[in-house]
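Here the protein sequences line up with chains A and B, keeping their order. Those letters in the first sequence? Residues 4 to 119, per the numbering used here, in order. Those letters in the second sequence? Residues 36 to 148, per the numbering used here, in order.
Be aware that a few hints might be false.
[Unchecked claim] DSSO-like, lysine-lysine: derived pairs with alpha carbons at most 30 Å apart:
no.: 1; chain 1: A; residue 1: 40; chain 2: B; residue 2: 44
no.: 2; chain 1: A; residue 1: 40; chain 2: A; residue 2: 59
no.: 3; chain 1: A; residue 1: 71; chain 2: A; residue 2: 57
no.: 4; chain 1: B; residue 1: 92; chain 2: B; residue 2: 49
no.: 5; chain 1: B; residue 1: 92; chain 2: B; residue 2: 44
no.: 6; chain 1: A; residue 1: 74; chain 2: A; residue 2: 40
no.: 7; chain 1: B; residue 1: 105; chain 2: A; residue 2: 74
no.: 8; chain 1: A; residue 1: 59; chain 2: A; residue 2: 8
no.: 9; chain 1: B; residue 1: 92; chain 2: A; residue 2: 40
no.: 10; chain 1: A; residue 1: 71; chain 2: A; residue 2: 8
no.: 11; chain 1: B; residue 1: 49; chain 2: A; residue 2: 118
no.: 12; chain 1: A; residue 1: 74; chain 2: A; residue 2: 59
no.: 13; chain 1: B; residue 1: 92; chain 2: B; residue 2: 106
no.: 14; chain 1: B; residue 1: 92; chain 2: A; residue 2: 8
no.: 15; chain 1: B; residue 1: 105; chain 2: A; residue 2: 106
no.: 16; chain 1: A; residue 1: 106; chain 2: B; residue 2: 106
no.: 17; chain 1: B; residue 1: 106; chain 2: A; residue 2: 40
no.: 18; chain 1: A; residue 1: 8; chain 2: B; residue 2: 44
no.: 19; chain 1: A; residue 1: 71; chain 2: B; residue 2: 92
no.: 20; chain 1: A; residue 1: 8; chain 2: A; residue 2: 106
no.: 21; chain 1: B; residue 1: 92; chain 2: A; residue 2: 74
no.: 22; chain 1: A; residue 1: 71; chain 2: A; residue 2: 59
[What the hints assert, rightly or not] Computed footprint of chain A on chain B, listed as stretches where at least three residues anywhere in the stretch have a Cβ under 8 Å from a Cβ of chain A:
no.: 23; segment: 72-84
no.: 24; segment: 125-138
[Stated by the list, open to error] Pairwise CB distance ranges, derived in the manner of DEER restraints:
no.: 25; chain 1: A; residue 1: 15; chain 2: B; residue 2: 75; range: 13 to 21 Å
no.: 26; chain 1: A; residue 1: 56; chain 2: B; residue 2: 51; range: 46 to 54 Å
no.: 27; chain 1: B; residue 1: 74; chain 2: A; residue 2: 17; range: 22 to 30 Å
no.: 28; chain 1: B; residue 1: 132; chain 2: A; residue 2: 45; range: 24 to 32 Å
Since the hints were made in silico from the structure, they are not lab data. Positions of the beta carbon are idealized from the N, C-alpha and C atoms, including for glycine.
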Amino acid sequence: DQQVKQNSPSLSVQEGRISILNCDYTNSMFDYFLWYKKYPAEGPTFLISISSIKDKNEDGRFTVFLNKSAKHLSLHIVPSQPGDSAVYFCAASPWAGSSNTGKLIFGQGTTLQVKP
Amino acid sequence: NAGVTQTPKFRVLKTGQSMTLLCAQDMNHEYMYWYRQDPGMGLRLIHYSVGEGTTAKGEVPDGYNVSRLKKQNFLLGLESAAPSQTSVYFCASRDHQEHNEQFFGPGTRLTVL
Chain A
4 DQQVKQNSPS LSVQEGRISI LNCDYTNSMF DYFLWYKKYP AEGPTFLISI SSIKDKNEDG
64 RFTVFLNKSA KHLSLHIVPS QPGDSAVYFC AASPWAGSSN TGKLIFGQGT TLQVKP
Chain B
36 NAGVTQTPKF RVLKTGQSMT LLCAQDMNHE YMYWYRQDPG MGLRLIHYSV GEGTTAKGEV
96 PDGYNVSRLK KQNFLLGLES AAPSQTSVYF CASRDHQEHN EQFFGPGTRL TVL
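With the rest of the complex left out, here is chain A (with noise of 0.2 Å):
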């Protein structure tokens, strides 16, 4: 059963607009959630994180939003560069007290194509 959900498997923006990608969960466990990203032939790259204890965080021309009420999270990328034309893995981390492990449950991924 996916615990991390990105129903969206793929996403076109023109250059300039707003992106958004949007992710959902089903273990009310998470504390932890964060957004990667993959160019073709490498590895994913950390791009940003949230804590449950928030609702928002921004870092540049990314802010992701939290909603834990409806399970849900969303990543805004503004103004969307064709540079950030990649794959989005959203991922979330169980609290795990004194038993941290840092294990991350990924979502299947959104192909973000941000036309010129």
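Starting from the known structure of chain A, arrange chain B on it as the hints suggest.
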């Protein structure tokens, strides 16, 4: 710093052959992970290690073994490769502090015929 490196980058195996994938990190990280990425499936955790000499099963461990004899290295072994193990394999590492991100290697593309 090289970060996380993986060897080899590509490999083709025949069914039943064995091989070992090597992951190395130079960031003195405690935790290391092996994932596989398949189309439409995201990244799935195979095995992980929370320190030298320790290993644990992840989400999809069957058909794989791991070893962490040195802190900087995490080896993933396939004893008898099957076509279902055709995938891209990623290694990652992170330090022990809570909520720090994982750093990924460039991946190994494995094809089993």
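Comparing the hints with the structure gives:
no., hint, in the structure
1, 40/A <-> 44/B, "holds, 20 Å"
2, 40/A <-> 59/A, "holds, 19 Å"
3, 71/A <-> 57/A, "holds, 9 Å"
4, 92/B <-> 49/B, "holds, 25 Å"
5, 92/B <-> 44/B, "holds, 24 Å"
6, 74/A <-> 40/A, "holds, 21 Å"
7, 105/B <-> 74/A, "violated, 39 Å"
8, 59/A <-> 8/A, "holds, 20 Å"
9, 92/B <-> 40/A, "holds, 26 Å"
10, 71/A <-> 8/A, "holds, 15 Å"
11, 49/B <-> 118/A, "violated, 41 Å"
12, 74/A <-> 59/A, "holds, 14 Å"
13, 92/B <-> 106/B, "holds, 18 Å"
14, 92/B <-> 8/A, "holds, 22 Å"
15, 105/B <-> 106/A, "holds, 20 Å"
16, 106/A <-> 106/B, "holds, 18 Å"
17, 106/B <-> 40/A, "holds, 27 Å"
18, 8/A <-> 44/B, "holds, 29 Å"
19, 71/A <-> 92/B, "holds, 29 Å"
20, 8/A <-> 106/A, "holds, 17 Å"
21, 92/B <-> 74/A, "holds, 27 Å"
22, 71/A <-> 59/A, "holds, 11 Å"
23, 72-84, "holds (count 7)"
24, 125-138, "holds (count 10)"
25, 15/A <-> 75/B: 13 to 21 Å, "holds, 18 Å"
26, 56/A <-> 51/B: 46 to 54 Å, "holds, 51 Å"
27, 74/B <-> 17/A: 22 to 30 Å, "holds, 27 Å"
28, 132/B <-> 45/A: 24 to 32 Å, "holds, 25 Å"
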